[in-house]
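Student: Sequence:
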Amino acid sequence: MTHKVAILGASGYTGAELVRLIATHPAMEIAALAANSKAGQSMGQVFPHLRYLALPDLVTIEEINFADIDLCFCALPHKTSQEVIKALPRDLRIVDLSADFRLRDPAAYQKWYGNVHAASELQKEAVYGLTEFYREEIISARLVAGTGCNSATGLYMLRPLIAAGAIDPDEIVLDLKCGVSGAGRSLKENLLHAELSEGYHAYSVGGTHRHLGEFDQELSAVAGRPVEIQFTPHLVPANRGILATGYVRGDARAVYDTLSAAYADEPFVVVLPMGETPSTRHVRGSNFCHIGVVADRRAGRTIVIGALDNLTKGSSGQALQNANLMLSLPETEGLLLAPVFP
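FYI, the numbering for the sequence shown is 1 to 342, going by our numbering.
Rather than coming from a laboratory, the hints here were simulated on the basis of the structure.
Be aware that one or more of the hints could be misleading.
With a straight-line cut-off of 27 Å between C-alpha atoms, the simulated BS3-like cross-links for lysine-lysine are [what the hints assert, rightly or not]:
{"hint": "1", "residue 1": "K111", "residue 2": "K188"}
{"hint": "2", "residue 1": "K79", "residue 2": "K188"}
{"hint": "3", "residue 1": "K111", "residue 2": "K86"}
{"hint": "4", "residue 1": "K79", "residue 2": "K38"}
{"hint": "5", "residue 1": "K188", "residue 2": "K4"}
{"hint": "6", "residue 1": "K38", "residue 2": "K111"}
{"hint": "7", "residue 1": "K86", "residue 2": "K4"}
{"hint": "8", "residue 1": "K124", "residue 2": "K86"}
{"hint": "9", "residue 1": "K124", "residue 2": "K188"}
{"hint": "10", "residue 1": "K38", "residue 2": "K4"}
{"hint": "11", "residue 1": "K79", "residue 2": "K111"}
{"hint": "12", "residue 1": "K124", "residue 2": "K111"}
Modelling step: build the complete structure from the supplied sequences, incorporating the hints.
Tutor: See the structure below:
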């Protein structure tokens with residue numbers, strides 16, 4: 001059986017990444033592509049690297065007949081996404097890639113995103129899309145909220161350790177570097193080549209990054225008490241990839257054994273041999289996350305490093321992984337592409 005899917009926001013980076021992945025999926029057909037600002041154009045015009053595919057032309061959301069759609073990917077900006085999803089048919093299964101349904105508490109959403117949620121009734125039914133930890137809920141979900149790419153990286157590293165009591169939850173420092181595609185495709189002065197290349201910089205310093213809302217929500221839930229990590233993201237002059245370095249208090253062998261056990265049966269999360277560290281080069285364009293553990297020179301201190309592709313495992317690949325579960329398909333379908341190297 002072939003499932004017909006729609007992609008809303010297909011002219012953005014995550015939309016294009018969804019098309020790239022689904023193009024070779026044996027059980028999905030892209031039946032509709034929406035991009036209001038590019039409506040009437042072909043996908044090949046917007047993204048020439050996809051011109052070889054036979055795809056429907058871009059249309060407005062209002063032009064799509066959702067009665068013919070089995071599942072909808074919503075790759076729209078936050079604030080826009082909640083308004084659109086609220087108006088979609090109530091029986092339509094949706095994977096949202098925006099931030100709009102990640103936070104369960106409406107007050108937390110307002111704190112981190114600065115506006116009252118326009119579809120708070122849907123927040124209650126949305127399932128957080130960190131596949132490896134919410135698999136059973138995702139299978140039966142109608143609405144799945146994709147995680148932030150930064151938060152996904154950190155949560156893969158930290159969540160099992162806090163759940164097992166392997167580290168001190170009050171002493172976590174997470175230093176993260178992200179490629180420029182994590183900022184989206186909109187024109188921004190600070191993303192111009194002359195502004196960004198040949199250097200990198202920290203941003204949202206001091207606990208203001210919106211993905212901290214996800215860290216607070218998820219890590220506090222597994223700890224059974226409030227957990228607040230120190231987190232500083234950096235923008236690096238690379239197109240793709242996230243590398244996060246976590247500094248924790250805990251025995252390195254216990255940390256390694258905990259992560260190895262947590263991901264022993266997971267197809268996409270790979271714990272490297274003890275002492276080996278990951279690189280964004282080794283996960284580029286793939287749905288894999290690599291995690292390394294190294295003992296610090298100070299006793300009782302450990303360094304945990306995670307790497308993933310922000311557009312794939314951090315967003316569109318994760319979305320497809322969740323869609324597979326929702327449609328009762330093999331979870332790895334369409335996602336076992338080898339990383340692109342060099």
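Student: Hint by hint, say whether it matches the structure.
Tutor: Against the structure, the hints:
1. K111 - K188: holds, 24 Å
2. K79 - K188: Holds. K79 to K188 sits at ~19 Å (cutoff 27 Å).
3. K111 - K86: holds, 21 Å
4. K79 - K38: holds, 20 Å
5. K188 - K4: violated, 34 Å
6. K38 - K111: violated, 32 Å
7. K86 - K4: Answer holds: K86 to K4 is near 21 Å, not above 27 Å.
8. K124 - K86: Distance of about 13 Å is within 27 Å: holds.
9. K124 - K188: Violated, at roughly 34 Å.
10. K38 - K4: Cα-Cα ~22 Å, so holds.
11. K79 - K111: Holds - the C-alpha atoms of K111 and K79 are around 14 Å apart, at most 27 Å.
12. K124 - K111: holds, 17 Å
The structure fails to meet hints 5, 6 and 9 from the earlier list, while all remaining hints are met.
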